[in-house]
Amino acid sequence: MSVDAPARTLNVALVGNPNTGKSTLFHALSGVRQKTGNYPGVTVEKKHGSFTYQGQKVTLIDLPGTYSLAPRSPDEMVTVDVLLGRQANEAKPNAVLVIVDASNLERNLYIVSQVKELGLPMIVALNMVDIAQEKGISIDGAKLQERLEIPVVPTQANRRGGMDRLRETIVSLSGQESIEPQSPFPEEFREKVAQLNAKLQAQTPDAPRYLAERLLLDTSGYLETELLHGGHELHNWIVETRNQLAEIGQPVPAIEAISRYQWVQQSLDGIVTRETSRKVSWSDRFDQILTDKIAGTIFFILVMSLMFMAVFSNYSAGIFMGLIEDGFELLANGVNAVLPDGALKSLLTDGVIAGVGGVLVFLPQICILFFFIAILEDCGYLARAAYLMDKLFSKVGLSGKSFIPLLSSFACAIPGIMAARVIENRRDRLITILVAPLMSCSARMPVYVLLTGAFIPDEALLGFFPLQVLVMLSMYLLGILAAVGVAFILRKTILPGETPPFVMELPTYKLPSITGVFWVVVEKGWAFVKRAGTLIFAMTVIIWALSYFPRNESGVEAPFADEIAQLKQQRTGADEQQAEQIDNRLAEIQNEIDGELLRNSFLGMAGHWIEPVVKPLGWDWKIGSAAIASFPAREVIISTMGVLYNLGGEEDEESESLKDTIKNAKWHQSEENVFNIPVALSIMVFFALCAQCAATLAVIKRETNSWRWPIFTFSYMTVLAYLGALVTYQVSAFFLLS
Amino acid sequence: MLKLSELVVGEQGVIASIDCSSVAATRLMEMGMTPGCQVKLVGTAPFGDPLEIEIRGYRLSLRRSEADLVKLES
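In order, the protein sequence lines correspond to chains A and B.
So in the working numbering, the last spot in the first sequence is 738, and the numbers never skip.
So in the working numbering, the last spot in the second sequence is 74, and the numbers never skip.
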């Protein structure tokens, strides 16, 4: 390398099986300088990091963990496209870093064999050497490097071991353009691939040899549609060739696994030594207990309960939530004090601060949940949880892999929907995403708490089971049952198909890495904050505008003008007690004016307009307006009701006056109470089932890459919520009010 | 011929063949289940399904319906 030439950036792609410590290694190499994003059109996450070593800048592209480079879906295709330099907006990698699990070399070398066929310079990071040692496996790294003809660097990513040597080896590849691709396939098969490659080149000149090979191997039909665009001539040739190959004992696709594993065995022969009698490791002993029918199930329930207690307890998440609430209150007070009354102040305090704050308040719960999930995942337990739950989930046509996304959704559907990425099967993932918002998330809690507190008698059922707790629990149960039903129906109707395979590695138990867990929490938390900061922000501004305009302040104030003037005059000469009375009356008038303004706003008009629709649910137009206003986020319903019933906007679910007022609210020009138990139940059922969360819908849009699914989710959930509320009101009114 | 799904917990066997007509078969083979390879049934989940097996020195879970695709040497 000449001294004066500016060093070009070295692009290195990270590839490897799941559970090999790939993310940990990525973080260990690149530190904090990393960018996360999405490839357009698919749900594959792109993670970029970089480091500079000996003056050479290296950019790392972290690709999703995979067992094989055999694309059968657009998501899997991205990984292959990136490696082949076919992905738009992504520079072709100069080298590939394959991370392998030293304790599981046989299976991990399978993908090494595939990468070797790409012809890119490569390095093998032999990770988790310590775990291999514990298992009594010793590997001759130098010999392995000789056999594979590629650099092999032993690493311990969780302790940052071997990082300098790895960096050095990566940098040493600078300037090397390619290696000779090596194929483990038999001669006859390679000839056929060469023939197909020539034919493919004639049709699509930029198609690499690797894809020709994949085209011949892929019997799923995915690559044919992707590369041939329905060309019949090549299709027939491929079918014919596969038949010929099968006749000479090289059936596609079995030939791939057979050839590659043969190569693996040859490569490892004499290099890996195991202690003759395989030790029963502590991981095996754990596994025996943790996947045991009885002990394993009890442990599972204990872990899940502990996690939920931590998420919902006042002593963990509660403390931080309180701090965030206080922070936003302080901010609102500050803005209140600084700005003059008017549209801007209202927008900032009632719109932005209340809206964004109302969502951000769930950040601690989300962080705590992901802290637990990351630990469980890192130590290898989550795969066991999916294993234990699979039978149950398969009853509704899903798999155990849907368990974690749905579990996360109890805190918030947003991380839950993002967690659905672990499900490789597109249909399973879609169904999981579509039912995830039915899990009662923490935003429903305030609605449940307010209404049960106000209307459900504080009595115990059968002498020991508190009725209020029972009602709250049934709301959670209702969501779960609805999700089960919807998943089942989707599977039978619009998303039919074969049950996808459930083939899942149960990784060796290991101690979780602190930095790995930390990064998961930071990434998920930040993704949530970004969402709250953008979409919720926009939605709250819209809803605020609808509730603020049109504004005829002087018209609404006119009837009170005389009284206000009079009160203000009296106040100047009043003693302390009188002044307090006058202030109270003034506040009352102000609340009445605010209420009247809201009633006359677009939102109020909309509420009046939909009253005939919500009347069968037992609702008056104010509840209807509040339901509309709570479209950005469910919990907004409480502050909106506060304003509509002339209490001012600063109401929360524990507010006594809101409880009292809604208890005493009357239907227009009548003595009939608006609220009673059936109405409270119908509101709760509505909010348990409805899709009142703009951020969730936006995440569904992002994760499915189509507007179709968020629209579908909103529609089906709204219909479900309406029908649920209707039945709840009519049935309970029949029994309780007659 | 004995199928993988018919093993008793704790029992071992050697893979003879895999029914390749199913999509799941490719996945199983990628995970290392190739003819001649030794497998051991380690246990089953609480409701008897899925199964936990040991292959090539690691643990893999799969459903009974997938284990049916795998024939063992007798």
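Do not rely on the hints blindly, as some may be mistaken.
[Stated by the list, open to error] Partner residues are not named here, just some residues of chain A that face chain B (Cβ under 10 Å, in silico):
#, residue
1, 103
2, 184
3, 187
4, 250
5, 253
6, 260
7, 266
8, 287
9, 382
10, 507
11, 511
12, 558
It is worth saying that the hints were derived from the structure and are not from the lab.
Glycine is no exception: its CB is placed at the ideal position from the N, C-alpha and C atoms.
Does residue 382 of chain A pass the interface hint, meaning its C-beta sits closer than 10 Å to a C-beta of chain B? violated (12 Å)
Does residue 266 of chain A pass the interface check with chain B, least Cβ-Cβ distance below 10 Å? Since chain B brings no Cβ nearer than about 14 Å to residue 266 of chain A, farther than 10 Å, the hint is violated.
Quick one, is the residue 253 of chain A hint okay against chain B at 10 Å, beta carbons? With a minimum Cβ separation of about 5 Å from chain B (threshold 10 Å), the hint on residue 253 of chain A holds.
Restraint: residue 184 of chain A near chain B, CB-CB cut 10 Å. Satisfied or not? violated (13 Å)
Next item in the hint list is residue 507 of chain A. Is there a CB on chain B closer than 10 Å to its CB? With Cβ-Cβ at 8 Å, under 10 Å, it holds.
Given a cut of 10 Å on the nearest C-beta pair, is the interface hint for residue 287 of chain A held or broken against chain B? holds (7 Å)
Per the CB criterion, is residue 260 of chain A less than 10 Å away from chain B? holds (9 Å)
The hint names residue 558 of chain A as touching chain B; please verify it with the least Cβ-Cβ distance against 10 Å. Violated. Min distance 71 Å.
How about residue 187 of chain A: closest beta carbon in chain B under 10 Å, or not? violated (20 Å)
Restraint check, 10 Å cut-off on beta carbons, for residue 511 of chain A near chain B: violated (18 Å)
When the nearest CB of chain B is found for residue 103 of chain A, is that gap smaller than 10 Å? holds (8 Å)
Cut-off 10 Å, beta-carbon criterion: hint that residue 250 of chain A touches chain B: violated (12 Å)
Checked against the numbered hints above, the structure violates hints 2, 3, 4, 7, 9, 11 and 12; every other hint is satisfied.
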